[in-house]
Amino acid sequence: MSGVDIARPRSLRSTRLRAAGRSATLLIGLAILGFWIVCALFGNRITPMDPYADDLLATLDPPSFVHWFGTDQLGRDIFSRVIIGARDILTVAPLATLLGTVLGTALGLVVGYYRGTVDDIASRVIEAVQALPLVIVALVALAAVGTSNLTVVIVIGFVFTPLIARTVRSAVQIESSLDYVAAAHLRGERTLSIMFVEILPNVLPLVLVEATVRFGYAIFFVASLSFIGFGIQPPSADWGIAISENYSLIGSYWWTVVFDALATTSLVIGVNLVADGIQSSLQA
Amino acid sequence: MSASGDVPIADALAIENLDVVYRVRGRDRTVLKRLNLRIGRGQSYGLVGESGSGKSTAALTAVRYLPRNGRVTGGRILVDGRDLMKLSQAKLRLLRTQSVSMVYQDPGRALNPSLRIGRQMSEVFEAALGLAHADALLRAADMLAKVQIPNPARVMANFPHELSGGMQQRVVIAMALSTNPTLLILDEPTTGLDATVEAEVLDLIARLRVDLSASILFISHSLPVIARMCDRIGVLYAGELVEEGPASMVLKDPRHPYTAALLRCAPRQGRRKQDGRLTTIPGFPPSPGAMVDCCIFADRCVLAAALCRQRTPPPVDLYGRSSRCHYTELVADIPHSEANVQPAATGPTRLDRPVLRARQLSKTYQVGGKNLRAVHDVTLDLWPGETLGLVGESGSGKSSIAKLLLGLVSPDAGSSIELDGVALPARALQRSQAQLKALQIVFQNPGSALNPSHSVRRLIGRGLARAGLRATEREEALQALARAVRLSSQHLEEKPRALSGGLKQRVAIARAFAGGPKVVVCDEPTSALDVSVQAAILNLLVDLQAEQHVSYIFISHDLRVVYYLSDRIAVLYLGRLMEIGSAAGVFSGPNHPYTEALLSAHSSAGDGARPRIRLEGEIPSAADLPAGCVFQTRCPRKIGLICEQEEPELMEVEEGHSIRCHIPFEELRSLQLKDSAGRNVPDPNTAANLRLEEPPLGLS
Amino acid sequence: MILRFLAKRLALSLITLWILSLIVFLGGQLLPGDVGRAVLGPLADARAVAHFNHEMGVDRPLIVQYGSWITHSLQGDFGLSYTYRTPVAPFIADALVNSLKLAAMAFILVVPLGLLGGVWAALRVGTWTDRAIALLGQSLGVVPEFISSIVLILIFGVWLRWLPMSADWPDDSGPITQIYYLLLPSLPLVLIFFGYIARIARAGTIEALDADYTRTAVLKGLPWSIVLRRHVLRNALLPAITVIASLIGYLAGGLVIIETMFHYRGIGSLIYTAAKAKDFPMLEAAVLAVGAIYAIASLGADLLNALLNPRLRTGEAA
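Protein chains in written order, with this note's numbering: chain A, 1 to 284; chain B, 285 to 984; chain C, 985 to 1302.
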């Protein structure tokens, strides 16, 4: 049996299926992301109860009609906290992504364009940073400078910079070897103009894909860091904090953890569906 | 030759009313429409067509290996009398082991990069024919010897990347012939190979055909190659077979306007720009899948009449050949457009001084600790209005010279370039705006030469803006430039990706001419284009030269194109200038043995009548040059030790004609005269002769 | 040829490690400013802070500190822990051994699974099966480890009670018991890496299936099993080696969270506690160890690649 022959009878169906799937992933992803953005922006108007109000008479209540998702150790309404919990992560993660994308793109352009010594040095540094898992780099940096939303943004942004720069760099290298760049040289264009007017527009689609993928990772890391106490800090209703405060209780009070976990999961998957959708629509 | 069930020996391949579609973005695009062809036993059938004509799809369909999105929607394919589409997987595999083999373009990718050649060869005998490993290895070595691989044992121990392109293609051919197939499909087997290597591979295929009695389906974009290799020809246009018949008849006396135009638009041997313009085919082929209820060629046809736009012409039977044209009888009388137009070309002027002088141009790269001499001591003059052709095989340094002249790479110390008598800075970055404007380039691949993010208007306009024009003047200049390269104002707003290859190249030419250049380097400007598009671009270059008296450095591997365009020609080998002189002088000889070999390789792909000398061995690496004359390892006229010890000087042998060879000029003359006289007896290897030996199957 | 390639590769790894040591040193010694204050807290007596700083040598010039740190580190002496006031090296060694056990467990499970899933999807490219595997792998790959850990603990530890919820096995446990205790902690890693490996295997297989050499093999009339084994998979799975090696780097990041959650004394939980306590010598040494492991892994991957890829083995050292 040959692989091609196996695939052939299904080709008709499968191509259509894939085309549909592509747009479907993007739409579902956008819907999920959109939902959480709305929660982050208008959470205080949506929540049925005050997410920060203790109620010591109703601690650790299971889900009910009053408390849809139950209450936590202090009797706070988990449903309200889950909704409002989107706020910090959806502030920190996008800002970190933006910082990393801007710095990384600029660095990648310069390094990819100049090659030579600049490139060699930058590549070594990039590789050195890459040798460490992001969580560990972030841990070291945050242990040193102290944790706040701002430092988390800066640390993740800086950690992303070399990673994005590496992707942009290789794309820029391919572009600069193309004849249109030589043609620009022969027209007497300035270096900056070649970098930003000639090359940048052709790597922008890639930067967009890279940025959405990184956004997914940013959420992953912010959540993880918050969980281990190096990210968003209490009293925020952040999901990672909630999970870390309650996960020793999952044996008896599963609701204190499960809904926050579901929220985090839906957000990372949503962002990744968007990234995937953008990537395949740009490739098509 | 009518093959149906009751004839004992079936045709090697019979394709009947074949329709093939590709599904692209949810829609079916027809790639082949009602294709009919028949290849008798021992026959060699050439399928010729431009890119997008569906010729490769035809080949893949004939072995039932369409891409995932392709499928057969109608018709039958009979290989050896068996209906291909109805075979079970097991039977299909059996058919592939016994009856049909395929060789295609780019042998480097056709071989598994991680297996030794021996393994890849022997598995055919083991898995397909059930031989034991030891026997299979013996048979593999035999087969490699048959395709004239000098040292089969060594090659079998090699990995594909250790072999040259020509060697790889021999291995693929050997593999295809291992099972002694009834039908051998060759899909552009020599495209991408150097001319001398191509000639060798074609010779080999011709010889093997006699030995092995396989029928051949030969697919190519090149009419000369098809003409050399095939008994019968089919001309494919936009998925339809517009004309087919015996090779000699179709080529000498085409009965379809497309075939006629295709034959005329490539510069014929010995034709010069002074002789007149080339025939072009106006317009573009229909996009695949555009179903039309009329003649598919009508939009581009000089004969097109009302009838052509109303009814699809059926294949008209013309005694053993056929043509899908309503007016087959008029085709022979289509006027040669070139005869009506005044030759545009003017000659160079040698008044004052050359517009461009390069002295001792050298470029050495450091690769893996070794010196790679891409260009060595090349001295060139270019006169105003002149075209200097640069020819040579890959690795000869043609493109490196272009880059050096333009300042895209910096030359070794001691090199100098002068423009109008003024020394040019080595790098483009250091050159003044005026110097940059004066020296421009048209790249080989218009796809990568145009920034995909910018509109055509911007691509051309940017050059004008840099030339220091104000907005209104600029718009006028832009329009004038667009007119000059025959771009419509509608094209100006497009992005390059919306344009065809030919249009893109026009944009690139317009960009090069935006600053009023004195010298334009044309680096294989038509080699990525179809033949019908190439003619229009060449005409355009000639016209622009006549109007603006610009000088060209024209780089090409196609000797006929170079000869058509050039006033003088420089022949390069391994970065060295081997010969330079007037186009006529270099072509008619006496010439350098390397030039002689190039010319002979080229003509062998055509009429097969010229004397032939064959190059042995492979091009040495530029990082590891042979001692003495760099050509001595392959030179068919090597005279002895002196060639191995001493590098000959480039010496002027007659006025304006220099050759780098130890053999004295007069001796070269007599050697080459003698050979051409001696070889007038038909070479047993040429296709012309093969054709005589075999019964004209297609006619019976 | 191959020796020169390896020598070059080794030199590059060493440079990378050196730069890494600089970064780590700067992170650990420069950023915190007053180390004694950071460690002892804002309420500590100024004399105690000065004494601490002097004892730990952090009141010397930076260059001197780096010089002494790096020369000692090269001899296996990573200094004294701020927390325990004892040498750091033994902690690191114990933790590494434990983490390697956990990592090995995860890799033994995930590598075959990922490769199989990827190849299987590629052979059914464009179908629902393919789409499902791709989507599953991709989604699992982006869910943070702490979430998948919780879900797994809930399922296997709380509800089904099949596996222990802590990796802290009894002191005199044999290998089998240890594996039993490591099963649950390794699963989150398996989930997160499955997608990566499957994706690479799938892409490589599709590329190989579409390659001209596969066409050659099919048209030779070889049986499909030979085409698949000898021609498709051999070329398809080569790129997976590099990816698997690079996962070893990511792995350590996951370990920080997983080891903390499962009370496992590996390098990850060591880094976590050191970071919490601002025990910078410990942190630096542990991080450098992780970097070294990564460098060794990618060196090993390059070596393996060079051995399996004839182009690197015999050809031009690119």
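Everything labelled a hint here was simulated from the structure, so no lab data went into it. Cβ coordinates follow ideal geometry from the N, Cα and C atoms, glycine included. Check each hint, because a few of them may be wrong.
Residues from chain A that face chain B, not an exhaustive set, calculated with beta carbons under 10 Å [to be verified]:
no. : residue
1   : Val181
2   : Leu186
3   : Leu200
4   : Glu245
Label pairs and their calculated CB-CB ranges [stated by the list, open to error]:
no. : chain 1 : residue 1 : chain 2 : residue 2 : range
5   : B       : Arg781    : C       : Ile1092   : 46 to 52 Å
6   : B       : Gln774    : A       : Leu262    : 51 to 57 Å
7   : A       : Ser266    : C       : Val1142   : 50 to 56 Å
8   : A       : Thr91     : C       : Leu1288   : 50 to 56 Å
Open item on the list: Between the beta carbons of A:Ser266 and C:Val1142, is the distance compatible with 50 to 56 Å?
Closed with: The hint (50 to 56 Å, Cβ to Cβ) is violated, given that A:Ser266 and C:Val1142 are roughly 22 Å apart.
Open item on the list: Is the interface hint satisfied for A:Leu200? The criterion is a beta-carbon contact with chain B at less than 10 Å.
Closed with: holds, 9 Å
Task: Residue hint A:Val181, partner chain B, criterion CB-CB below 10 Å - done: Cβ of A:Val181 sits 8 Å from chain B, so the hint holds.
TODO: Go ahead and decide if the range 50 to 56 Å is satisfied by the Cβ distance of A:Thr91 to C:Leu1288.
DONE: violated, 44 Å
Open item on the list: The hint says 51 to 57 Å between B:Gln774 and A:Leu262; measuring C-beta to C-beta, is that right?
Closed with: Once the Cβ atoms are compared, 55 Å apart, the range 51 to 57 Å for A:Leu262 and B:Gln774 holds.
Task: Interface hint for A:Glu245, Cβ within 10 Å of any Cβ on chain B - done: violated, 50 Å
Open item on the list: Is 46 to 52 Å respected by the C-beta to C-beta distance linking B:Arg781 and C:Ile1092?
Closed with: Holds - the Cβ-Cβ distance for B:Arg781 and C:Ile1092, about 48 Å, lies within 46 to 52 Å.
Task: Interface hint outcome for A:Leu186 [beta carbon to chain B under 10 Å] - done: holds, 6 Å
Checked against the numbered hints above, the structure breaks hints 4, 7, 8 and satisfies the rest.
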